[in-house]
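Q: The listed protein sequences derive, respectively, from chains A, B and C.
Take the first sequence: its position 116, counted from the start at 1, is 116 in the numbering used here, and no numbers get skipped.
Take the second sequence: its position 210, counted from the start at 1, is 1210 in the numbering used here, and no numbers get skipped.
Take the third sequence: its position 290, counted from the start at 1, is 2290 in the numbering used here, and no numbers get skipped.
Everything labelled a hint here was simulated from the structure, so no lab data went into it.
As the structure is a computational prediction, the values presented were derived from the model and not from experiment.
Mixed in with the good hints, there may be bad ones.
[What the hints assert, rightly or not] With a cut-off of at most 30 Å between alpha-carbon atoms, the simulated DSS-like pairs for lysine-lysine come out as follows:
| # | chain 1 | residue 1 | chain 2 | residue 2 |
| --- | --- | --- | --- | --- |
| 1 | A | K284 | A | K259 |
| 2 | B | K1117 | A | K182 |
| 3 | B | K1197 | A | K259 |
| 4 | B | K1193 | A | K259 |
| 5 | A | K177 | B | K1192 |
| 6 | A | K188 | B | K1175 |
| 7 | B | K1129 | A | K182 |
| 8 | C | K2398 | C | K2364 |
[What the hints assert, rightly or not] Footprint (simulated), chain C over chain A, 3 or more residues, beta carbon under 8 Å:
| # | segment |
| --- | --- |
| 9 | 71-79 |
| 10 | 94-103 |
| 11 | 118-126 |
| 12 | 141-147 |
For each residue, glycine too, the CB sits at the ideal point set by N, CA and C.
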Amino acid sequence: MSLDIYKINPEFRDIMPKEIIDLEENATWAQNQDKPRGIKELPQTKELIEEHSLCAGCPEAATLRYVLSALPKPEETVIVNSTGCTSLMFPHIALHTVHSLFGNQNSVASGIKRVLEWRFPDKQKDVVVLAGDGATVDIGLDYTLQSFFRQEKITTICFDNEVYANTGGQESGMTAKGQVFKMAPTGKKFEKVPMWELAKTSGCHYSVNMTGSAPKAVAKAVREAILVAREIGPTFLNIYTPCILEIGLSANEGLGEMKAGDKHRFEFYRHVSPEAEEYLKKCKEEGLL
Amino acid sequence: MAKDSIKIRMPALGGQGAVTAAHIAATAADTEGYYAVSNPFFGAEKRMAPSESYARIGTVPIYDRGEVIYPDIVMIYHPQVITMGKSYTMPFYAGVKENGLIIINSERDLLTAHDKKILDDLNVKVLTKDFTEFAIQEAGTELATNMAMLGSLFGALGTISKPAIEEGIKDRFLKKYTASGGTATLDSVIEKKFKKKMDLIQKNLDTASAAFDLTAEWADQVGLEQILEAPKK
Amino acid sequence: MGKITDMTETHNWSGQKLVSIEHMLFEAPRTKHFMTGSEVLKEAVKRATVDASVSYPITPQSEAAHLIGELWAEGYVGVYFRGENEFGVMSEVAGCSMAGARTVTTTSGPGTLRAMENFAMWSGTRAPMQLCLMARGINSPLTIQPDNLEVQYLLETGCMIWYAENVQELFDMSLAAFTVAEQPDVHVPIITAVDGFFVSHTREAVELPADDIALKPYNPYAAPLPPIDSEMPPGRFLRDPFVMKSNYISYATHASWQWEIRSAVERSKPYARKLLNGLVHVTGNEDAEIAFVTCGTASNQAKEGQRELEKLGIKSKVLKLRTIRPFPEEELIKELEGVKHVIVPEFNVVGWLANEVKAKLYGKVDVNIHAGPRVAGGMSLPAEAIIQEVQEVLNAAKGA
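Please build the complete structure, drawing on both the sequences and the hints.
A: Structure (structure tokens):
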């Protein structure tokens, strides 16, 4: 049982910080298999992320917390990340995470997933990619789509803030047409890349476009995506997590922006292949959803 | 003995305008007839994260680049630089040269007896003042803290005139300025506060000027010797 | 298709008997075969209990890459697939190695450059994967022939670089490579370079041990950094973005980490000396005043040259470098005692090996170092050209 790797050496227990002790005693691990993990446990348990160093009110940071709360089996989950604001949160996560090069996250994830299947044929290990829009759709597009073509059993979650935020606010492929950002001083000239549709045509069995406005909806999508990836094939979640700094909002205005998104540009999109639909039905019957 | 070239290190927190301050300091010095260089040094652009900037001013060409590891003047823009170690050097005055100057924005004295002994032995003078409160009083906003600190720096130096400082401030706020996302956001916030840009300029000048005067007076009182020689005209 | 769970204490999942590297290289009885470099790489991988390989086509390494695929279909290799381009492949290889697999891959020329960003990431991650580099010219213009300029690009990536001269050496080196790279006090990637076509497609005699034995498997838990498999407390790869805290922490960490990687490469020397039978292989006239310093195919050509020069009454010796990183400085200095002229024939336009030799020997040995003759684009370097160059060097020395 991999939770043992998070047990503190008894000789050092008395000098461990409270957060580490909390992690061992009261974290949101998949302890209780009767009901799936979710948002409901957050108020009473230690989250799998210890602080974060992003801006106050960052929607990405909030959404990451929903994602971590929804992983079906976090102690057997490897998260592959990429350069950007998300990579600044990763050292604070209690799980195995990898940050490799900008854009190669789906390649690294493919290698990890296949080797973990080879080395542990009797265990279920989930590999989840968490990256921004620049990493997923621009510099990493080739590797993202190719991992879908190859039917890699991984879940790709894109934190779409429609801009290269960490480098100071440059246009990305996911920026809306007409939006002015650096490197697009007269507005972006081409449409936002419909990555969730590309995911579908490239072979994803489950593809969603949504915002991070509703924690439970995010948790549900994450859980479904990971379950489908276990058995059927690659899955993709595009989540609008606006960069409040780059679009000039204050710390408490991020949620409103996402809710506005729900109504217009980020109306909920969900594609599920027939096999995945079948499988999710089964999961629901078995109480995994 | 006034030097022909000095280095200034400004450890601050992101969002305080230390980068802007270094820029204005160098511009003002340049206007006054000095050679001057300014540059920032920070990790990811983030509010309240360490953000350090430097200005090098002299009567001789300046070749040195990068961080200022051996400063003549250290300006601490926020108490957390010291209390929370949000600094690239430990202690915050590491490397400070003899006969130097430290300006600390804090409402209370943050130096230990140990610190004071070391700085005393180096004949480094320390000015601790709540410049944030000062800025709020003079300009009505804490975003003018950097202006107050700048004024203080020039008051202590004595060789950069108020007209040169005005030139530096105008250059920064009136001309088209390439700013990062975070800086641009703060620029627009401060602009909204003032009906006209000129009101903003004036308030900044007034704040800097007031800080200039009080620091010049302090320098006199504590016997701060001239740090940088006057520019060769 | 074998499963890793079929592996026992004594046999791997293909039923091969697990043996030590010493047994494989020095003790196991060998029989003679006649094959190309590509084919021999397959034979090495077959006997190496390899967990994973990722492939992509580019001349001249495509055969070797697809032959490893056959091994996978036959059950010898655990994970295998074709990647989308070399950058993707090397990142996939990184993922495999990070997750605890003994991993091997191949590439050439333009492919190497396509993948370039990965190599420094590999070494920085302390992952012990093996890249068999089948050297080929770099564009532009395009040439598929064996020019080894690409090795120069790799010199400072922090990876070990070994150079095999022929098919036999490729077999033995690629097996030793896994062992040395995986030593806990080394644990950095290893590049086994070999010249494309001159070795990959050239058929020659080789002595191979039987294929019912194989190397012991890789133990990822003996590594200096834990594998990413959720079976050990988490390590971090490309760790905490220190840039977040401060540039000071990030550059101090980067600096110390990079020094450590170079030290790790140096620490490989005792293991490499033992398993390669020395970092420098010396042939020719012991008391010669002329020494060729070579790697790869230039060694072959220099040996031909040495034989012909002897007939002309000119003594010379060939100092073949088996390792480029680490650079065998001590061995070279010792072998150059009494030598007056060092000749460095190469298969690239810049003479990177001559530059290396000059840089490492400066102030330590009193010799004339002659960078040449050189060919580029994958041209062949006949012994005649080497002989002519030696004679010109000797004449010039007499004249002076």
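Q: Does the structure break any of the earlier hints, and which numbers would those be?
A: 2, 3 and 7
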